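Colleague: Here is what each chain is made of, one letter per residue.
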Amino acid sequence: MAKTQLSFNLNGQDVDVLVEPRELLIHVLREQLMQTGAHIGCETSHCGACTVDINGQSVKSCTFLAVQAQGAEVMTVEGLASGGELHPLQAAFMEEHGLQCGFCTPGMLMRGYRFLQENPNPSEDDIRQGMAGNLCRCTGYQNIIKSIQKAAADINAADNA
Amino acid sequence: MSAAEDTLERQDQLQGIGCSRKRKEDPRFIQGKGNYVDDVKLPGMLCGAIVRSPFAHAKIVSINKEKALALPGVHAVITADDLKPLGLHWMPTLAGDTQAVLADEKVAFQQQEVAMVVADDRYIAADGAELVEVEYEVLPALVDPHKAMDDDAPIIRDDLVGKDEAGQGKRTHNNHIFTWDVGDKDATDRAFDNAEVTVREEILNPRVHPSPLETCGCVASFDKINGALTVYITSQAPHIVRTVITLLSGIAESKVRVISPDIGGGFGNKVGVYPGYVVAIVSSIVLGRPVKWIESRIDNISTTAFARDYHGIGELAADKNGVIKALRFSALADHGAFNAHAQPTKWPAGLFSICTGSYDIPVAYARVDGVYTNKAPGGVAYRCSFRVTEAVYLIERMIDVLAQKLDIDKAEIRRRNFIKAEQFPYQSALGWEYDSGNYLPALEKVLEACDYEGLRKEQAEKRAKGELMGIGLCTFTEIVGAGPSKACDVLGVGMFDSCEIRVHPTGSAIARMGTITQGQGHQTTYAQIIASELGLSSDDIQIEEGDTDTAPYGLGTYGSRSTPVGGAATAMAARTIRAKAQKIAAHLLEVSPDDVEWDVDRFQVKGNPDAVKTMKEVAWAAYNNVPEGMEMGLETVNYYDPPNFTYPFGIYLCVVDIDRHTGETSIRRFYALDDCGNRINPMIIEGQIHGGLNEAFAVAMGQLISFDEDGNLQGNSLMDYFIPTFVETPHWETDYTVTPSPHHPLGAKGVAESPHVGGIPCFSNAVIDAFAHKGVTHVNMPHTAFNVWKTIHQLGLDN
Amino acid sequence: MIPPSFQYHAPSSVDDAISILTQYGDEAKILAGGHSLLPMMKLRFAEPEHLVDINNIDSLKGIREENGMIVIGAMTSESALIASALLQEKCPLLPEAAKLIADPQVRNRGTIGGDIAHGDPGNDHPALMLALDARFTLVGPNGSREVEASDFFLGTFYTALEADEIMTEIRIAPQAANTGASYHKLKRKTGDFATAAAAVVIEMSGDTCQSARISLTNLAATAFRATEAEAVLVGQTISDELIKQAAAKVMEACDPAEDLRGDAEYKTHMGGEMTRRAIKDAIKRAGGN
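Protein chains in written order, with the numbering used here: chain A, 159 to 319; chain B, 4 to 802; chain C, 61 to 349.
Think of the hints as simulated: they come from the structure by calculation, not from any bench.
Some hints could be false.
[Said to hold, decoys possible] Okay, derived cross-link-like pairs now, PhoX-like style, lysine-lysine, Cα gap no bigger than 20 Å in a straight line:
id : chain 1 : residue 1 : chain 2 : residue 2
1  : B       : 777       : B       : 465
2  : C       : 309       : C       : 340
3  : A       : 304       : B       : 25
4  : B       : 793       : C       : 247
5  : B       : 36        : A       : 308
6  : B       : 586       : B       : 609
7  : C       : 159       : C       : 304
8  : B       : 777       : B       : 408
9  : B       : 188       : B       : 328
10 : B       : 328       : B       : 465
11 : B       : 36        : B       : 25
12 : C       : 249       : B       : 793
Please read these numbers as outputs of a predicted model, since none were measured by experiment.
From just these sequences and the hints, can you work out the full model?
Modeller: Following this line, the structure appears as structure tokens:
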């Protein structure tokens, strides 16, 4: 099958790749662009390990054709820290023991990053609903919730400072 | 600053045992810089895709590779016939059986590996797999293990016909694998005959799957010039994998390098050696290029590797006061088409004989019969020590059944039967020596914290109104830390574990371990042990695992053995170093070694607090100024063979509300008190407990690998297979007591599996307790809304 | 889990999309949100030669009010339904129900039109559309036509949509005065299809039911309206007993397929139970008791 030229912005950088139309974004990110943070966990859009941000929305990149990213702004976990500084959410995951094996973590962070912009002051139930598309087998979720709560507080405190 | 304050401050600076040190693994994971097997990309790497059987039981009439081979980008299509000349079409299992690497003339379970297509990338490999034409002649499938030993049962294993054993003792039927028993059967039978009360219940631990978020996979890379093989693999036991590869391939073990990089969760799924690994390795050897094989989720749930499938019968004999006089448990174990049971070699039913639990039971007998069926091979220990979940589930369910029969409160019956604190070390009727325990105070602590009496009152009020509320208790004892090499080996290798520590001249250190973390935070906690033992800051201690070229041989991480065995090896290695350091310090201080004493991070001349040498100073001296006759350097390796298992315990309480119209359950409260002995990193322990409880919740409330009558697996994606999300998962409350292990150098016991083992019966006991007033004594898992509703509906409670 | 090869088309207008569909006929499939189609393709249950991605057709997105009707573009995402102030005010049933579909990421991609047009009895919008008396605009090579929801769902994965047609818009009347609506969905976990679900729209006058529409998800080969259950309520003073009778009528109409969610008996009972709950909520919201 003929390959097509695909251009999009990845973590602030313009990238050009040649892809087959059937290639899934997760594979292009991981195997062509070597951004291996996003992971493949289930392939049926249930686990959320492949979650990335596309044009300001959380998307499961295992169920998204790479060609659909033409011209898009794509952000992966590799783009979360900036200027050598961890994003408050990353720092909070460390502080609150929000990860164990780390496999779900990039998806959790990318969903959490977007979720906190959708809802900067979430209740525990808001977090449970807002993060429901991401599975974790290790943590029992409780410390992820604490991490997101801490990040929300830290972000809000910084905004008010 | 007082001397005491000074000591405390120096201790704090070490970040040693007992502190909730933040994890050193995290920075790479939170920045997307983890390195999992599927992240490995080698020059010239090819990808393998497996052609799988659509049938549970069928003869292979023919395999036509031509169309697949004609597809541009396909390099090879490998079948059993290609492996035969190498003698690799079958492989040994950990349980003494053999397993087809690729189906040899027949398939014996749905999704069995039939061929592997090796191609330039995963897209072409998948296309190639679609083009392999396999003609099957379908055979009747054997699905129900209870029918496995019928006279007319289909024969699963033609290769074993006429053989009276399959690696685990005498067979009596073509589908029989083993019969294992333990205990005094006659005395137990007599106790039952003479008992005032007996109870009996059929109790299933259904077939489930660990489903870590990362599936299994490997990258095999054979260097033809040097004859050396490197395998990146999702393995909880890389050293054993290396030994197996050598035994299978004949490549010298020194030329095989197995690397377990970051692992996205194991939970028992990544202990075994799977056909995909073997074929990827063979492909790499044949093609001279690296070959990657990564399972899909459907492959994972369907083939590698189920847990449980124990069809148990529990019986207790007791007096009228509920004091247990005897226990008789049995199980029919469905091992699937090949006995790929993950086990210490001599333990065909794992450590099932821990089934006497936390109770002082004078006499007991247990028996397990293993059979073949047309299902995927296994089983593995899903977040537990070998078959401990099954054992604990039986005893913790049966004690509730006994309580109901005698109308004794479920907490009270436990009080009456607990092994008492003064009985430890306790010799169980089935042969174990429990190292330590103190159950009663822990139970009382939980009952008080949860206002157990208040809950029972509330339950009575709810029952009067027709509402369903259940209170579950579980007071379990685990057996972990396999294990003493006199009892435990894997393929002949004793189940020790190891730690090598090297202290550098400037006082930092590296330690390499035989274990391998899959999220447990080894990089963090092992450093804490060394920090406390050697007085060096844990931040200056690097921990490495998983590369067989650098790490000392170890048996890996499963069965909660890292702290009990690897942690002990770490402490012992550190103590060897400290003993040498003491001599060097004495030499520097110009006193006898007996005249110096250890003080947090330094040696001090007894009675002279000003005459000190810190460990850092000693480290420097170790490389330039040692006592005469002493070797330079400060390093050692310890292979720790534990004298006994460890026996962590826990007291769990669960409150569930049940919607009597839909069968939906709502876990209102889950309180988990764990006693894992001395605690190395409380933060990590709590995280492990949360995770284990969530996996217990998944098993008890929803997980099931089920088959239709033709052996077709139903629901093999995460659409159907239950992994709880944020929404379903309850809130967890944790608590602890500390009863150190007397034989472990740190007094620690291991923890990560307790919440799974203890959680499952606790959820079940809660759900079943909701129906206790209606005479219900047992309902099998999983307690899905559908299953719970069936109980409700049968009892007419939904009207 | 790798999709087969296909030719990819990303038209930016409905006309272009239709001409592609006309050209390739059965060999073409429309890609909307992709969360049903792409997994099917990965499993190679679906192997279209041509994939027509209609995500770039802006005219298919958005929610507006036009001539007293709410008009929803077929490519409007579930997330957009949830966020819509217009819907929250004038058709609150839709955003409420959309929250029960899949999970946040999937709702960002999944579209109302895709959910309807797929014809899956497990999808939620078909029953909602029946309860809301929606009309669908279908555009094909010969122009556009309007089809009522009640004429659209013909069988499992079988609808009135022709292979060369695209659903462009959904038209729904704003919720009338004294009307309440509710959707109750029983599911095993987040992201699952309904074990059973019921959509109810009821207009009340005091304690009397003026009109009722009841429809069910995943309880037969397609979503369906339970007209006999509706008849039990209409013109009657609502009581618990009457609601129970309506639920019983729903149960009579259910013909669910057994699967891992439950057997037919359970699902049928849950159809009744979800109906009972939805009726009660709808009446409360309509200002009844």
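Colleague: Each hint should be assessed against the structure and marked as holding or not.
Modeller: These are the hints, each one checked on the structure:
At roughly 14 Å between alpha-carbon atoms, residue 777 of chain B and residue 465 of chain B fall within 20 Å of each other, so this suggested pair holds. Proposed proximity of residue 309 of chain C and residue 340 of chain C is supported: the alpha carbons are some 16 Å apart, at most 20 Å. Proposed proximity of residue 304 of chain A and residue 25 of chain B is supported: the alpha carbons are some 15 Å apart, at most 20 Å. A hinted pair counts as satisfied when its Cα atoms are at most 20 Å apart, and residue 793 of chain B with residue 247 of chain C qualifies at roughly 16 Å.
The hinted pair formed by residue 36 of chain B and residue 308 of chain A fails the criterion: a straight-line CA distance of about 23 Å is larger than 20 Å. As the CA atoms of residue 586 of chain B and residue 609 of chain B are separated by approximately 14 Å, the hinted pair is consistent with the 20 Å bound. In summary, the hint linking residue 159 of chain C to residue 304 of chain C is not supported, as the alpha carbons are separated by about 27 Å, beyond the 20 Å threshold. For the hint linking residue 777 of chain B to residue 408 of chain B, the alpha-carbon distance of about 12 Å falls within 20 Å, and the restraint holds.
Simply put, residue 188 of chain B and residue 328 of chain B have alpha-carbon atoms about 14 Å apart, close enough for the 20 Å limit, and the pair holds. Distance check on the hinted pair: residue 328 of chain B and residue 465 of chain B sit about 35 Å apart at the alpha-carbon level, beyond 20 Å; violated. Restraint check for residue 36 of chain B and residue 25 of chain B: satisfied, since their Cα atoms lie roughly 18 Å apart, inside the 20 Å limit. With a C-alpha separation of about 19 Å, the suggested pairing of residue 249 of chain C with residue 793 of chain B holds against the 20 Å cut-off.
The structure does not agree with the numbered hints 5, 7, 10 stated previously, though it agrees with the rest.
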